[in-house]
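Quick note on the working numbering: the sequence shown kicks off at 2 and runs consecutively.
Heads up, some of the hints might be wrong.
[Unchecked claim] Simulated pairs of lysine-lysine, DSS-like, Cα-Cα distance not exceeding 30 Å: (1) LYS119 - LYS27; (2) LYS119 - LYS83; (3) LYS83 - LYS27; (4) LYS97 - LYS119.
Calculated directly from the structure, the hints in this document are not laboratory data. Quick caveat, the model's predicted, so the values are computed rather than measured.
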Amino acid sequence: LLSQGVTTVIGRVDLAETAQLEALAKLPKVAQWPINVGFLATASDLNQDEFYERLVRAIGHGVLGVVGNEMARIRPLLDWFKLPRLNTEELPNPEKQPATIREHADATRDLAVRLRLKSRATIKLGTTADLLFISGAVGQSLTGNVLRRVMLGGRVVVDNGEFLAGASGELLLR
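Starting from the given sequences, assemble the full structure and let the hints guide the process.
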C-alpha cells in the first residue's frame with residue numbers, strides 16, 4: 002500500500018458482529034504499525050439497548066466515528082461523545098479513484114476534517130508528517146508513475162518505488 006501512496010487505512014467495525022468488536026478491543030494501542038490504521042463503527046439493526054452498549058464499547062476502544070444513513074436515534078449519544086457521523090456516500094469510493102493530484106489531496110483533507118483528525122491533512126508545525134511527493138502539476142492525472150516518495154510519521158518509507166523503512170504508522174484513536 003505504501004508504494005501506491007496509501008499512508009492511512011480506515012476500516013469498519015460492525016457493531017452487530019461481536020467478534021469484530023472483540024478484535025478491536027485486542028488491538029495494541031502502542032505497537033509497530035506499518036501504516037496508519039483507524040476504524041469507524043457501522044450502525045446496524047440491533048435493539049436500542051444492545052446497540053448503545055456496543056457503541057459505547059467501540060467508543061471506549063477509540064473508533065473515529067460512525068457510518069450509517071439512519072442515525073437519528075443515536076444522534077444525542079454521538080453528540081455527547083462529540084463523535085463524527087458520516088453517511089455512506091461521504092466515504093471515498095474504492096471503485097472511483099481520484100483522477101488528479103488535486104482531487105486526491107482534497108478527498109484526503111476533507112475526510113480528515115470530517116473525522117476531526119486535527120493533526121492530519123495539514124502541513125504545519127506540530128502535525129504528523131504523512132506526505133506524498135509526486136512529480137507533476139496539481140491538475141495532472143494520477144495515472145502512470147508519478148509517486149516519487151512517501152513519508153510516514155516524518156520518516157521516508159518509500160523512495161522511487163523502493164521500500165526503505167519499517168513501522169512508522171500508528172493506530173488512530175479518538
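Hint check results:
1. LYS119 - LYS27: Since the Cα atoms of LYS119 and LYS27 sit roughly 25 Å apart, the hinted pair holds (cutoff 30 Å).
2. LYS119 - LYS83: 14 Å, holds
3. LYS83 - LYS27: Holds. LYS83 to LYS27 sits at ~24 Å (cutoff 30 Å).
4. LYS97 - LYS119: The hint holds at about 26 Å.
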